[in-house]
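Going down the list, the sequences are from chains A and B.
Position 190 (the first sequence) corresponds to 213 in the numbering used here; numbering is contiguous.
Position 105 (the second sequence) corresponds to 128 in the numbering used here; numbering is contiguous.
Derived from the structure by calculation, the hints contain no laboratory data.
Each residue gets a CB set at the ideal place from its N, CA and C atoms; glycine is no exception.
Any given hint could be a false lead.
[Said to hold, decoys possible] Just a few of them, taken from the derived set where beta-carbon distance is under 8 Å, the chain A residues facing chain B:
# : residue
1 : Thr207
2 : Gly332
3 : Ala346
Protein chains: 2
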Amino acid sequence: MKAYIQTHRERFFSELFSLLRIPSVSAKPEHRPDMERCADRLRGLLLDAGADEAAVYGTAGNPVVFGSKAVPGAEKTVLVYGHYDVQPPEPLEKWRTDPFEPVIAADPATGESAVYARGANDDKGQLFMHLKAFEFLVRTGALKHNVKFIFEGEEEIGSPSLPAWVADHADLLKADVILVSDTTMISDKVPSINCGMRGLAYLEVTVTGPDKDLHSGHYGGAVANPVNVLCEMVASLHDADGRVAIPGFYDDVVELSAADRALLARAPFDLEEYKAFLDIREVRGEKGYTTLERTGIRPCLDVCGIWGGYTGTGAKTVLPSTAHAKISMRLVPDQRSAVITDLFERHFRSIAPPEVKVEVQRCEGGDGFLIPLSSPAYQAASKAMAEVYGIEPVPSRGGGSIAILAEMQRILGIDPLLMGFGLERDTIHSPNESFLLRQLFAGMESIALFYQYY
Amino acid sequence: MKAYIQTHRERFFSELFSLLRIPSVSAKPEHRPDMERCADRLRGLLLDAGADEAAVYGTAGNPVVFGSKAVPGAEKTVLVYGHYDVQPPEPLEKWRTDPFEPVIAADPATGESAVYARGANDDKGQLFMHLKAFEFLVRTGALKHNVKFIFEGEEEIGSPSLPAWVADHADLLKADVILVSDTTMISDKVPSINCGMRGLAYLEVTVTGPDKDLHSGHYGGAVANPVNVLCEMVASLHDADGRVAIPGFYDDVVELSAADRALLARAPFDLEEYKAFLDIREVRGEKGYTTLERTGIRPCLDVCGIWGGYTGTGAKTVLPSTAHAKISMRLVPDQRSAVITDLFERHFRSIAPPEVKVEVQRCEGGDGFLIPLSSPAYQAASKAMAEVYGIEPVPSRGGGSIAILAEMQRILGIDPLLMGFGLERDTIHSPNESFLLRQLFAGMESIALFYQYY
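Only chain A is shown next, with the shape it has when bound in the complex (with noise of 0.2 Å):
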């Protein structure tokens, strides 16, 4: 596949380009047009690269698009799993470049060459690389599997509308694994293959005191300031060990035996590097677990956003009416993010102060799963990668969530596996997202491979 990539690269790079300039931001409803222009430029996309058949399938949202090619004789199926919607980019103010407007340039650290824009990596970058593979094999005449894709526009917000999609269309959508390239590697020196992802419970919660906001001067002091009271919730949702303090939170927790932690333990990992990359003096987390076991297998909650009063220019002495965040809980496979979600609501009510009013709306959530890394699909991707990166990749467990593999896989019975070619530095979800070229073609490389060694 290296020659047929220096060969195209130029295309390559055009196509991609083509998909990262629409901005398909599935949080922002206004972006609806763009999501129908980059489900049908993925379309082309797919039989441009050698699908029998690719359509453009209406959902109660965003579009689905499918796309198959069968192979005579074929013994298995791969079904690649991607999605073309990215995540909003603000703030606008610290992208270096045009979030919407691809570049390809040198990191500011390393120097190597990389693509930035919104969607480089997660997961337009990614689901790339599965085009492009698909298309070499194709050309080649090397492929010996059937194919299909399912591109979903909603991933970023949850998958509202694609398990309803899927049991649907169990049939078009048979297959022996879900292939999914849609998360990183725990260090571009050693590779690895996520083996799991954690489940997602994200709420919004509102607190109102007065029914207007009043002046701070002839109020403060006396009456309940919402702010004030949403800090004191806020801060007791931990305990002083860091532990999420919501009664019930940890009951279908599993823990890890030694041997898996040890395990896990293998995947290299540096925490002076760590912490240098995120400027911060020190990590912080549950007691008595290190970082990756942090991220990788247990729980955790933050707030992903806060506002309430006044937060122009200039100093505004008000005591506000309402005060909000948005809370998001990072699961463990054997917690169902609809009982947390509904602990979480239930806490938070009951320690709503009488002088307050507490509205709690549930936004997304989506369960955690597993993978066996006995699986023959595990087994060939292992020696795909071993081969590209001339080492074994360590079986790791990702922090993130996919909500949508872990219902896939119950709706359709099949086990997703997770070919993830992302990097720490990609900055996903951040500002000046981008995607390490050496990464983008080893991807491709390895998942040519993996199609020979299925």
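On the provided structure of chain A, position chain B as indicated by the hints.
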């Protein structure tokens, strides 16, 4: 004065509205031209009302308007202070009418007529009462004191430029009393005169965790979230008794005698009405004090604004890089704003955990003050209001702050007198600020009588 008001009522409104239509928001630099326009308009109104001279003076910030009239043989000089700047109108969506297009409308609750606009009360409406009472006295030949007017454009941002200007123009400002209408009466049933105001210390804090926004899945649980940390820090600023938990915060707070507390308790106050007006089930404040005491004779700490992370629509899963809060502390007369600001800054830095960086920015501040009830000015005001309202006004302590008055008291050696005609229902600093016509006119009458009895 009653008859004079009836005769000139329509002109009064058109003059007042011409002031209210100018969006003189001092907190926002882009309104600088509006400040100039508003100052010039006031100069015109002063001359129209009968001032011998009126001029707009430049300062390091927004202009100061000064005007005066000398009365041959006058024994006393009254210095009228007011401010023509207003609070930002946000949140705009909560206004029933355009904040800068004044209307006279019926109070939705009582049906009484009121002027609705930002500044209708604070302070354009209240300073306008002085212009018209002055005009009446001049035109009817009843003015027996020299009168000077000083109107500033930076009160809502802490009057940063005025102290220097006042010091430079001390001779020009020589007077026997500083007469101010920029406060509220406790009730429209029983008039009150402010005999004290609280001081203010206002700061903005920024908590920084990682140097970039992070994927809350990849890092959540392992890296300190600055929003969670800010919430913990803010929550720790109050103890279980509702006292401010900053070491030394209460060192200079003078406990009032039982007699003084009893005198203040004479002010009429209905807790159920108060809660109903704010639509709250319970009040909240420092243990051991009444609601009026909590705003009148006790200091407090409030978050006026908080923001961090993703606050748009939808569910963005991000671990933010920074979190911010605007924090105001209201101080009692013996607390020094500069001292408390130092205490806060030192304490806030000291409680920051090692996982984050903290910035503390000082925004504004000013000291509180007390006014002797025995002064001739207080007595004249009391007599005037008693005549207009048919009941003797009670002394009260205002919870708000007029930083500049303590400064002027110090620089010029003149006591201020606060004849405020605002009411709680006016919701100054909030949407739908208004001023009852009944109070607007009663204020004009009371002020005219003050000059007679002083």
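Checked hints:
1. Thr207: holds, 7 Å
2. Gly332: Holds: closest Cβ of chain B sits about 4 Å from Gly332 of chain A, inside 8 Å.
3. Ala346: holds, 7 Å
In summary, this structure violates none of the numbered hints.
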